[in-house]
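Chains as they are written, first to last, in my numbering: chain Z, 156 to 481; chain C, 20 to 350.
If you're looking for bench data, these hints aren't it; they were derived computationally from the structure.
Do not take every clue at face value.
Claimed, not checked - For each label pair, taking beta carbons as the anchor points, the in silico distance ranges come out as:
1) Z:ALA442 to C:HIS158: 55 to 63 angstroms
2) Z:TYR468 to C:TYR207: 44 to 52 angstroms
3) C:ASP198 to Z:PHE356: 39 to 47 angstroms
As the list claims (entries may be wrong) - Straight-line C-alpha distance at most 27 angstroms; calculated DSSO-like pairs for lysine-lysine:
4) Z:LYS238 to C:LYS127
5) Z:LYS236 to Z:LYS384
6) C:LYS178 to Z:LYS236
7) Z:LYS422 to Z:LYS362
8) Z:LYS216 to Z:LYS192
9) Z:LYS192 to Z:LYS236
10) Z:LYS362 to Z:LYS457
11) C:LYS263 to Z:LYS216
12) C:LYS271 to C:LYS178
These figures come from a predicted structure and were not determined experimentally.
The beta carbon of each residue, even a glycine, is placed where N, CA and C say it ideally should be.
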Amino acid sequence: MAKKKSSNADGLLRMYEQMVRIRTFEDNANQLYLSAKMPGLTHMYSGQEAVAVGICEALEKTDHITSTHRGHGHCVAKGAKFKEMFCELLGKAEGYCRGKGGSMHIADQENGNLGANAIVGGSAGIATGAALTAKRLGTGAVSVCFFGDGALGQGLLYEVMNMAALWRLPMIYACENNLYGEYTHVSEMAAGEIGGRARAFGIEAFKVDGQDVLAVNRLTQDLVQRARKGEGPFFVELATYRYHGHHVGDINRTYYRSKEEEADWKKNRDPITNFGDWLIAEKIASAADLDALNEGIRANAKAAVDYALNAPYPPSSEVDAHVYAA
Amino acid sequence: MREITLSQAVNEAIAEEMRSDPTIVLLGEDVAEAGTPFKILSGLVEEFGPDRIVDTPISEPGFAGIAVGAAMTGMRPIVDLMFGDFLFLVMDQICNQAAKTHYMSGGKLNVPMVLRTNLGATRRSAAQHSQSLHALVAHIPGLKVALPSSAYEAKGLLKTAIRDNNPVVIFEDKLMYQDKAPVPEEEYTIAFGEANVLRQGNDITLVAISSMVQVALAAADLLAADGISAEVIDPRTIVPLDDKTIVQSVKKTSRAMVIDEGHQSYGVTAEIAARISEQAFYHLDAPVGRLGAMDVPVPFSPALEDLTVPTAEVVAQRARLAVRGELFRVA
């Protein structure tokens, strides 16, 4: 764990709280799926919380992100509320997208989240386009594209990184390397060095421990500040781990990774446990403080889930609304 | 009224809109100093500068995707896709991203962008630079599709496209870039979803798209010489489609033929013919005819290429059969 205190106690506790909110959200979403109360399929972000929170806590509300099919964590980290998120996951009218997007397309434009995307790498252009807007209109906003190691196989990413570098866009490409694209290890799918892909375009590339929220946050704060001054784009590889399978139905995983490997990450490298221990060691919070915080978040999540389960579906008249904007 | 080329009309539409809206930016390959291979955009970079007339690398999915994101965050990008055939390269960004964003976000996010591209064979450019692929995008809900048939139409429809809050794909006929037509100096736009009745007639309705409007008008002249009076309709936009005007016309003439330069199978001719059959069946005196491009990759050899596209002679011949009640014999 990084030693240097880079933020005040409130900021540190907020990062802890946001990570717990993501974990709690995912635990509830998983249960909704397993108890057949949630339609469709979903992909859990658990284990990767320090990535979304470390990055988003370095952003302003007006900065933009694009997210992935594993996107609940980014959505929470960028400021979304549980109630509207659970409503969206359950296809209810009060969801962020009126139930029309669901888990894989959740968007929250008021907080700068341009949306999750069910095409791997599909939002690389959108994020870069948001950075183009920021530069052309002089808004000062920075754009972050979250994508997994699986997206390294998509040509679109390299096309837009090339343009972002040519045009010096305020852009951060955040590669969450959780080691697995679907059911296959990254070493079988990505040749060479990951950061080298960005450096070939003249983009500064960094590698950071994605389980260390302070390290992620400190790096991102620096890069955001530099991007606002026109020194971007940047590329960051975040070494992290996906606790669940590729999707919630991916239960038997031993053919592609061992139970020992999973147990080791959870026991020794959990971003929430480790950061909680550090907060206590640094006397920023007591164990009782953190327990109370966890308890409060669990209660909030339960209330939001109960609300969403009982909330109405969109009326049938909505099926052909929003195909075209007025 | 002054006459200008379709190319000049496009250039004027972009320049006028860019003068009044600073959020418009144009992206594409060799759009700046080169002004595109067709020289359509010459002069724009001199007026608006390289920050707004942006030369991109040869990365169609990349700059199409960047336009989607820019549109979602406050710009009105115009994407120049040099050949309509390159649509296949940008399908994910246009059909999975741009087309669906407004709907998937429950109406919260808009994608006000224009994808300018072209269609048309007989330019001896072979199978990857000659296709007319508007049916592909017309199939995807969330996209609007406009097809100007003259310089006048090109300017008015493009200005409307730029002001629209949705992704619009506009196809120019690349064979018509140097064709002149009367275009007023004064400001005007052409509304989407309002078909243009170019010629009144009583015996058969010819619905023609884009490049085929000139073919239909020439066919109508041939038919007039035989005493057959053809009505010619240009839908202008196929999404939204003004089927009301088309159906009203067919109820009057009781016969219809749809002509389009896209491949005939599973194409625009089938869609419009089906709507006519559904809405005017009891008024029809002949099966609704369709003429599209042949279902072959566009060949290079001029001797072969010219066979693949409907001509005025073929349109007139088929229309005569319909009017004389002889269409069933060739079916």
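Hints, one by one, checked against the model:
no.: 1; hint: Z:ALA442 to C:HIS158: 55 to 63 angstroms; in the structure: holds, 59 angstroms
no.: 2; hint: Z:TYR468 to C:TYR207: 44 to 52 angstroms; in the structure: holds, 45 angstroms
no.: 3; hint: C:ASP198 to Z:PHE356: 39 to 47 angstroms; in the structure: holds, 42 angstroms
no.: 4; hint: Z:LYS238 to C:LYS127; in the structure: holds, 18 angstroms
no.: 5; hint: Z:LYS236 to Z:LYS384; in the structure: violated, 31 angstroms
no.: 6; hint: C:LYS178 to Z:LYS236; in the structure: violated, 40 angstroms
no.: 7; hint: Z:LYS422 to Z:LYS362; in the structure: holds, 23 angstroms
no.: 8; hint: Z:LYS216 to Z:LYS192; in the structure: violated, 32 angstroms
no.: 9; hint: Z:LYS192 to Z:LYS236; in the structure: holds, 20 angstroms
no.: 10; hint: Z:LYS362 to Z:LYS457; in the structure: violated, 37 angstroms
no.: 11; hint: C:LYS263 to Z:LYS216; in the structure: violated, 47 angstroms
no.: 12; hint: C:LYS271 to C:LYS178; in the structure: violated, 33 angstroms
Comparing the model with each numbered hint stated earlier shows that hints 5, 6, 8, 10, 11, 12 do not hold.
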